[in-house]
Structures are given as structure tokens and as C-alpha cells.
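Enquirer: These are the residues of each chain, in order.
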Amino acid sequence: MQAEVINYIKFGIVSPEESKKLSVAKLNVPDTYNEDGYPIDGGLLDQRLGVIDPGLICKTCGARAKTCPGHFGHIELVRPVIHSEFSKVIYNILQSVCYECHRILIDEKHIQKIKDDVLKGESEQTVVGEAKETVEVQEAKEQEIHKNRASAMQNKKIKTSKKCPYCNAVQPKIRFSQPTYFTVGDRKLKPDEIRDMLSKISFEDLNIIGIEKDISNPSWLILNTLLVPPVNVRPSITLESGERSEDDLTHKLVDIMRINQRLEQNINAGAPQIIIDDLWELLQYHVTAYFNNETSGIPPARHRSGRALKTLAQRLKGKEGRFRYNLSGKRVNYSARTVISVDPYVNIDEVGVPESIAAKLTVPFYVTEWNLERAKELILNKNYPTILNIISKDGKRKRVLDTNRDELIKELSVGDILERQLIDGDIVLFNRQPTLHRISIMAHKVKVLPGKTFRINYCTSSPYNADFDGDEMNLHVPQTLEAQAEARLLMDVKYQVFSPKNGGAIIANGEDGITGMYGLTKDGVSLSRDETEYLLGLAGIYELPEGQKNGTFTGKDIFSKLLPKGISYEQKTSNGVVKIKDGRLIEGTITNDLYGKGNGLFIKIAIEFGYDVLRDFIFQSAKLADAYVTLAGVTVGVKEYEVDQKMDHERTKIITETFERVEKLISQYKSKKLEPLIGYTTRESLERLIITELNVARNKAGEMLVKHEGEGNSAVEMTKAGSRGNVLNLEQMSMFLGQQATLSGGRIKRGYYTNRVLPHISPGDVGPVAHGFITTSYFSGMHPVELFMHAVGSRGSEVYKALLTGRSGYLYRRLSNALQDYYVKNDLSVRDVNNNIIQTLYGGDGISPTESRFAEMEKS
Amino acid sequence: MAEKTNKYIVNYGEPVGMVAAQSLGEPGTQMILRAFHFAGIESTIATSGLPRIVELVDARKKPATPITYVYLTGDAKKSFDKAESIMKKISEVKMVTIIKRSLENFPKGMIKLVADEQALAANNLTPSQVAQKIAKKLNISATVDREKNILIKLKTKNVGEIRAMSVKIMKDVVQGLPDAGKAIIQQDQKTNEFYLISAGSNIRDIIEVDGVDKTRLYTNDVFAMYDLFGIEAARNTLVNELRKTLKEQKIGVDTRHLMLIADAMTYSGFVKGVGRHGLSGQKNSVFAKAAYEETVKHLVNAAAFSEVDNMRGVTENILVGKQIPIGTGSVRLAIKKEDMQKVKARSKKK
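First to last, the sequence lines map onto chains A and B. Residues 11 to 870 (our numbering) make up the first sequence, in order. Residues 2 to 351 (our numbering) make up the second sequence, in order.
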């Protein structure tokens, strides 16, 4: 549907003739509105430049506010000024040409050499590109020649030659100071002089520098006519008080015109040269500020409130500038945003959409001869789902109201597009910011639900990195059939189960789901028929699995019912081997290793049964797991972390034993008997040995705790299942916190004076407590000194986190900017959009990272 | 088997560059939280985590912590003493590290160097050895006095010259190779083989030392590898280092992504960083550059040198609202001529 395609865009400088051609009005009144509130003719909001007030008519095109595209005007400057943004370019050119004869300051020999270099660049380009299409080769060549020319200008040889090789004139030194001052000796070069010099440079010489004279003639950089942008580029705002507030650009243009007028009056009155020069410089300043108010060397022009004005350069620049804010990122229609919440009964490739949103969003319904009846039916629907708008073939959009339904049906014809409300099964894109991933946007199928939040399955929260503490997400409705097809075939959640980052499953159950699965499939779980029916019923299965002889069912039996028929799989997990044979779990317990993120079972299912089966397995097993945790009642309370006297005794024992050993190391060191580790001094060795000793103590305590608490402790169970927490967490809560590390990984050394951390510690103490070893647990609470040591570590990581989030964001931006043009061509080579080859075979084997683990599994 | 694996080939048009960038960029936010690292001597000296990734991707000329792995040949593999003698040849000892103070006596044109005895002993050096070495190297007279200080007599009495000489002396490398860094001996846990780790990257000189295994010499300094072994080695070093850094943080990223990033940085034959001065700054498209950084500068240059933007890249097409030429945008729908005629014929009938 692209009416016209942009093939290329060529940049250049607007010539004075072109400015005049573009301009519809010469402006000469440095003001905006008259007393009656109408735009002044010849003022900055002249009605010939377009209109912004509703009701007024543009004097150039006759259109009204919203349809008039706006027209340029111009200001005639009585004295020329330099375009400040280009002053460096001007300086480079002035230095490259003779002051007397305006020829380029290189002799014929060197010119030839530059030309040769350019030609050499040409041949290199063709080798690198290996582009087949002749047109592309030609374009590439041209571009390369251009680049080489530009670089020739920066060639230092040109700048330093002091004598013109053609007229033998000795070159005076031209000085340049920011932003627009050029001097030769003590004399200031006035803009008109510079223009004379620039316009005398021959076409050939400019060509060597790399400039095309008829497109970017440098003499056009000295301005006599200043183009004034249309009114709709700088609209004025009417405040509540009825006062008008002008745009920053308008303010600046008023300044320019005022000074211009004053300068003209002074010249006409025959004022002394000094006054004229002063005003001329002031004019130059205003024009400079108009182009870029952050030009170095000038004070930024300010608004009455003291805020610096946003002029042309500021509008384009930076994150909130035109390029990054409006052009690289655009606002869209047909989208919705609200809070998300979990719903285990929404499939992973569905999204629960509130009724109110479904009633507002629309999908185009293309009327054909085959669906004409359905179309009429929809239009006649007074309630949801109905048609909101009808776009007829001529592009006119009509609202469907209760009053005009019958009328509209009569007019309805094939080729019309109806805007239908969102219904179940429509494909939509769902997104959560920050979109760091391509899987932060996935296609879901709509499921209209009561309520006000978007509902998603818990398993799909990880690719979005979402939680449900108030997160909001965005929903977009693809409007063309092509977009809908792409969403269904490429972006559907079921195709995103495996992460393109490493091929591991990213859509998988977690937390409670894992705990539930672990509890269910543990050895010795026996459930009655009633309970089995309840669990499977909730999972959406209404058939009994093969059970035990006595009529009961084990958890494994129930889990096996969900597995695809005939699947065989075996995996070693941290909890022993899990064996699945012929669709039955025969040995082992399901843990995070087998069922959570990055597991191998999903890969097996995807290979053998495809993505639809995998999707249903994930969905049903999640429901089952949730049903089981609810039935079994897993809870964690203070009891889980409270230890009995026996364990408390163990804790003290471990600590005293460890302290004794550390004491021994220290005395060895002091008596110089400590054998240093290879590559370390004795002091460093002591430090390392102590740290090892302290870490051993913590691990030992952890093991002991898990052994002692064992089955029945929900916190330990969760650790075993891999759903939440690890042994270290448990140990720190119940036993003791252990060594607090600094960011560099060592013990805490600095603090009070040089040889101790706190005044509570004796100087020179190298023992555990003196350097941040904590003997108490989170449960029992820390002593003041211990708390301080703990805070040292916390503060460190907090500061580090703050510093590095920014860095990581910038790294991502740079990477994506550098690599975004690379894609796989149909010969499996990686190329950029200019057909340069980056890799001859993607990744060395052409295998997709998303499916890399599929390939591995099939090989074995 | 080839047939089987062929099933899992990348999709044509797949934006692999973007996916690679995302795969490395997304875990960047996670990397921050894990600042701990464990055993291994390298990990205690080497930069790790996000700062290291940034350094690699930026193609910094000198890494913050260069490290060279020097494997040995023959007997030195098994003998600690032989390994130590090679270590002595490599390990860089600067005057600054063994001299506590340098006192300049301007009227006499003398410099008195007070040696740090402990540091000297650690490097098996005596003051007279040091004096001989610097005398020979800098062509000056150096003696040792009774207090074991090194005395240097200069011909000039010019204050500036004495100062300059004093600075020069302190910068001098008395033992080992310049920029090789301090080396230490390590023993491989599996093979019991001795090898060296040095905190520098002067592999150009290290490779010349007898007893060094030239085939296994490796440094984490990408530019040093590029200098000595060429662009392919630089590329492999980049991949290795990126992989190692991510592995330390327990972040699983497919090597193919890292390979693409390394290839993008090196395919031109030079090591180019990602960013303003490297890959992004050297793009052909004016718009792509302007939308990235230094917007005004790029537009001004484009206007002055009549540059052309061919609108082929991703950014340019997004700016003007066209479909991007990648992925599903890289192909077009086509219909066979005869099929088209059939369709036309059918619609005429009605």
C-alpha cells in the first residue's frame, strides 16, 4: 500500500535562489499579533505562512488550520551573516585554498595522488562488497569516492602548505575562534569577504575537497536571506487567561528582525562604522542562537523566566529530540494499557482482556461477497460484539449509531472495511517495557473476561520479566491481514517457549508450580479416586489415569496422564535420575531441573510432538500443580526457620571450632611458620586461608541444617524442589550469616583508622569477627558490630547497582545500534543491508540459537 | 545426521544482529546484582562482569587488567626451578617498586636512591646488581655506598636534566620485560604442569623467551593478540573473553551471538569498537548516524559534502515509515502470470 517509495535522500545546502522560491512572503514587521488579536501582515505569524487558529483561512493555499501544510517565509538580512553550524567547514575550506588566487593549496602531483587514492578505494569496495547487482556496485563506488574525498580534505598535508603552488603567494594565517569569528592577522574577516573568497573557488578544486558545487556551494553558507519556518512548526499557545504565548523559535525570530531593522535604520542614517559593526555582530549572535542555542562561545539566549530557549538544533537533538523521540519511536492507535494480574485458567497463548477494553478496540473486517451476510449481522448487533465504524471505499469513516444502523446496511458494499470490536480468538500483541528482548512482545489470543485487568498465565510472566505487584502492560491490535498472519505464525507465545538467547525454555512454570509438582510426584504420594478426579478435573482432564492395584493413584500416575502419549525421556537432576518411559513417569521426582526454566523435557516434547502439544502440556501441568499445592497446603512460617537447642548447640560448636582453626592459622603466620600458597605472599595466603575456612564453616552449617530439618519443613522442601531459595538462604536465616564480603570479594578492611574497622575492635586484629564474620542469624538478630558489617556489604552492592544500571542500558543501546542491520540471507550468510558479508555461514554452522538444543538432543 | 540438524537452521531474513545485541544486552541488567566471584587467581586481579564486557565491546586499546598466560615447553613444565628462571626473565620489575625514595642533590649533580630491602629480596636482587644494570642501560655511573644506597653521579648540574634523569631511572625496568607485568607461577590442577600468569600483555617480547610454548601463548588483551597473531586471533580472543566473562556470571548466552558480535567488530580487517567511534559511527547512512548520537554534527557534514542516504538500513526506513528490509520485509509476495490471468478472468465473469 505504499504509494510512493523513497529511493534515496540527498543532502545539500539551500541556495539563496531556492530560499526565495520556497518563500511565500517577505517578512518585515518584528511582531506577531495586532491589538485585535489578528496576525499582522508581514509579521511572524503572517497568514500567508499558514494558519493555526481554527476558523482562519490560509492566504496561500486557502486551506484551514488542520489541512494547510504551512508555507515558508523569509527575512532579508541587511548584512550577511555566517551559518554558525558550518563555521568549522568554512574554516577548513579557507585553510585549504590560496588567500590570493583561491586555488587549492596542493600541487598537481598531490592532486593526482588523491585522485589515485580515490580510485583505489573504488576497487577495494568492490572486493569487500561482492555485490552482484551492477546498480548497487555503482552506488557503492560513488559513495566510497565521496568518503575518500571528504577525508582528503582533512589531510594534514593540505593544511600545512604555506605557499601557494600556483601563484607563489605566501599564505597568511587565518585564525578561527568559536563560533563565527575569522581573523587574518589583526583584521576581522567579515562575512561578505568570506563569501567572496568561497565563491571564487573553482568547481574542480571544490571537487577535490569533496564538495559538489551546485548542491552544497559553500558560499551559500553566508546568509543574506533567512528562511522562516511555517507557523505550524512554531505554533503559539493560548493560555487560560487568554494571553498568547509564543514558541521559542518565534521569540528568536523576533529578536533577529528587531536587530535587522535597527541595523538598517543605522545604515540609512549614516551611523558611524563602529555602531554598525556592533549591530552586525549582534545580528550574527541572534542568528547563531537561532540555529543552535548551545553553540559553544555564546551565552544561551534565555526566555523571560530564565529558561534557555529551545532553538532548531535542540529540537532535533538527543533523547527527547525529533529523531529519537518522534521519528525512531512513534505513537500508535489501536492499543490499550492496564494493570496485569495472574489467572491460571488463561492458556499461555491467551490474554484475558477486560470487557471495557474489548468494546473499545477494533479489528478491521474486510467485507467480501462471502461474508456480506455476517457483516450485516454484526452491524445490526446492538450489543457487543458490534461494528463501531464503517470505512467506505472512498476512505470516509462513519460512526455506527443506534439511529443509523439500517441506513448503513443499505449502503454497505463489498470492499468496505468495518471496524469490529475485539472478540475471543483475535490475535493481539502484548508487550511490557523495558522491551529488552524480542520476547518482550508476543502474540496472544484474546479472551474477553470481566474485570479491569489484563490476565496472563503465570508461566508467561518470565519473558516479559513481569510480576503482579502493579505492573502494567500494553496491548496492540494488528490492523492488516499481513500483520495478523505474521503475529500468528511468528510471534505466537507457543513459538517463543525457547529463548533465542540460549535455546533454553523461558516459558515454564515457577515458584508454587514447581513446589506443587515436586510434592505431587514425590515417592509415596497416594491419592484417592476422589482426590485424583478433583486434581485432574481442575487441570481440564476428565479421564482417570492408570492407577494402582488397590484403587488409589500415586502422584506419578496423575502426572503421567498429562504427558504426551509414548514419550520417553531421562534426565539426571540434583534429586536423582528421573525416568519417563512410554508416557509414564516411572522413577524420580519432578524438580526445577526438569520442569522449570531451561529444562530438557520441554525440548523433547517440542521435537517429538510439536508446539501445540507443548503449549497444552505447560498449561495443564501448571493447573495441576496449582491444584495440588492448594490441596496439600504448603506454607512457610516462623516455625520453618526456628531452630531447636540441638541445632543451636551445633551452631556454636561449628563457630568455636572454626575460630580455633583461624586462630591457629594466625599464630602460624605470626611465628612465620605459615607455608605461602603458590603465587601469593604469606599475608595474602593467610587472608585466603581464613576466607576458605570461614566459607567451609558456613557450608557445613548449611548441610547440617538441611539434614536436621529434613522432610516436613516446607522451606527445605522448596529448596529441594528448586522452586525458591537455596541452602545458603536457609542457613543464613536459621544458623549464622557468615562472612560479609566487600565488592572486591575480600573481607572488610577499611574503616576506623587504618588497622581496624571499628573502635570496638582491637588494633591489628585479623580474626573473623574483626573483619565482618557474623555469628548470628537473621532469625536471632545481629549484634551492633555485626549489623554494621552487614550494612557495609549492603551499601556496597546498592551503590554498585545504581552505577551499573545506566552502563548496561547504554551498552545495549550501542550494541543494538551497531548490529541492527545484520540479517541472514538465503545462502545462510550474515550480511548488512549494504550487502557486506559479516559471516559466511551464520554461527559457523547455520543453526538457530533458539533451536540449538534441539539439534544437540537429536544428535545424542 | 546432517539431514537431522538441517531442520534447525536459522530462518532466512532472521535479524540475527538484533537478536545478538538483545542476548548480550538483556542479561546486562542481571549481571549487576552478582558482584561476587570465587576462587582462582585470575578472578582476583581481572576485571569481570559488566565493566569487562563494556571494555571488550568498546575495543579499548588497553584493557584495565591485561593478563597473559605463558605455558612452557620441555622440562620447565615439570620443574618449578626452571619455571622460576623463565619467570624471572619475564616478570617485570620496575625501579619504582624496589626504590623507596630518590633524593636529588642538585649542586653536586647526584641522585641517591634508597632501596627497599624487602622488595629487593623478593626479586632476588642486590643493590650492586641494580646499580650495574642501570649504569649499563642508561650509560651513567652508579655506585653503592655503605648504607646500601645507590649513588648516581651525573655530568650535568642542570636542575631540569637531573630531574628528567631521576624520573627516567624510576621508570626503568631492571628485570624482566617491559609491560610484561608481574608474573607468578601457577600449577595446573589436572596435569600438574607449571605455567605463568603475568599481569601485562607484552606477548611480542614474551614469545621470544626460550622455554615459552609459542603455540599456547594467550592474553586477554585483544589488541595485543591482533598485533602479534592477526585479525582472526583477535576475533577468537574476543569470543573467548566474552564467553569467559559471561560464564563467570553464570549467564548462558549462545556462542553464536558472541561470534556475530566479534565478527561484526573484526570483519573489516581491523578491530572496531561498537559505538560512536566504531561500527555505529562509520555507517553509510546519514539518518542512522543522526538518530544514534551527535545528530547535528552528522546532518551538517551531510549537507556540506552532499552526502546521499540510500535508505537501505533499518533506522532510515523506520524514520520515514517504510517497512524495514529485514525479516519478513526482505521478501515480497509474488503471483505467477498465468495465475494472475485466471484471477482476472474470474472477476470479469462476475
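One or more of the hints may lead you astray.
[As the list claims (entries may be wrong)] Simulated crosslink set (EDC-like; lysine to aspartate or glutamate; CA at most 20 Å straight-line):
{"#": "1", "chain 1": "B", "residue 1": "323", "chain 2": "A", "residue 2": "492"}
{"#": "2", "chain 1": "B", "residue 1": "323", "chain 2": "A", "residue 2": "496"}
{"#": "3", "chain 1": "A", "residue 1": "663", "chain 2": "B", "residue 2": "295"}
{"#": "4", "chain 1": "A", "residue 1": "98", "chain 2": "B", "residue 2": "85"}
{"#": "5", "chain 1": "A", "residue 1": "340", "chain 2": "B", "residue 2": "249"}
{"#": "6", "chain 1": "A", "residue 1": "320", "chain 2": "B", "residue 2": "294"}
{"#": "7", "chain 1": "B", "residue 1": "8", "chain 2": "A", "residue 2": "866"}
{"#": "8", "chain 1": "B", "residue 1": "248", "chain 2": "A", "residue 2": "603"}
{"#": "9", "chain 1": "B", "residue 1": "8", "chain 2": "A", "residue 2": "492"}
{"#": "10", "chain 1": "A", "residue 1": "329", "chain 2": "B", "residue 2": "249"}
{"#": "11", "chain 1": "B", "residue 1": "8", "chain 2": "A", "residue 2": "603"}
{"#": "12", "chain 1": "A", "residue 1": "811", "chain 2": "B", "residue 2": "294"}
[Said to hold, decoys possible] Computed footprint of chain B on chain A, listed as stretches where at least three residues anywhere in the stretch have a Cβ under 8 Å from a Cβ of chain B:
{"#": "13", "stretch": "512-520"}
{"#": "14", "stretch": "856-862"}
[As the list claims (entries may be wrong)] Stretch-level coverage of chain B by chain A, calculated; a stretch enters the list once three of its residues show a Cβ under 8 Å from a Cβ in chain A:
{"#": "15", "stretch": "137-149"}
{"#": "16", "stretch": "162-172"}
{"#": "17", "stretch": "240-251"}
Rather than coming from a laboratory, the hints here were simulated on the basis of the structure. All values derive from a computational prediction rather than experimental measurement. All C-beta atoms in this analysis are idealised placements derived from N, C-alpha and C, irrespective of residue type, glycine included.
Enquirer: Each hint needs a verdict: does it hold in this structure or not?
Expert: Each hint tested on the structure:
For the proposed pair residue 323/B and residue 492/A, the alpha carbon gap of about 15 Å is at most 20 Å, so the pair holds. The suggested pairing of residue 323/B with residue 496/A holds, with an alpha-carbon distance near 17 Å, which does not exceed 20 Å. As the CA atoms of residue 663/A and residue 295/B are separated by approximately 64 Å, the hinted pair breaks the 20 Å bound. Our distance criterion of 20 Å between C-alpha atoms is broken by residue 98/A and residue 85/B, whose separation comes to about 59 Å.
Of the pairs offered as hints, the one joining residue 340/A and residue 249/B is violated, with about 39 Å between alpha carbons and a cut-off of 20 Å exceeded. Pair hint residue 320/A plus residue 294/B holds up; C-alpha atoms about 19 Å apart against a cutoff of 20 Å. Between residue 8/B and residue 866/A the alpha-carbon distance is near 12 Å, which keeps this suggested pair within the 20 Å criterion. Straight-line distance between C-alpha atoms of residue 248/B and residue 603/A comes to about 19 Å, which keeps the hinted pair within the 20 Å bound.
Straight-line distance between C-alpha atoms of residue 8/B and residue 492/A comes to about 26 Å, which puts the hinted pair past the 20 Å bound. Restraint check for residue 329/A and residue 249/B: not satisfied, since their Cα atoms lie roughly 34 Å apart, outside the 20 Å limit. With a C-alpha separation of about 26 Å, the suggested pairing of residue 8/B with residue 603/A is violated against the 20 Å cut-off. Taking the CA atoms of residue 811/A and residue 294/B, the gap is near 26 Å; set against the 20 Å cutoff, the hint is violated.
Interface restraint, the stretch 512-520 of chain A with chain B: holds (3 residues with C-beta to C-beta distance below 8 Å; minimum three). Counting residues of the stretch 856-862 of chain A whose beta carbon lies closer than 8 Å to any beta carbon of chain B gives 6, which reaches the threshold of three, so the coverage claim holds. Only residues whose beta carbon comes within less than 8 Å of a beta carbon in chain A count, and the stretch 137-149 of chain B has 0; fewer than three means the coverage is violated. Check result for the stretch 162-172 of chain B against chain A: violated, 0 residues qualifying (beta carbon to beta carbon below 8 Å, three or more required).
Look at the stretch 240-251 of chain B against chain A: 0 of its residues bring a Cβ nearer than 8 Å to a Cβ of that chain, fewer than three, so the hint is violated.
The structure shown violates the earlier hints numbered 3, 4, 5, 9, 10, 11, 12, 15, 16 and 17.
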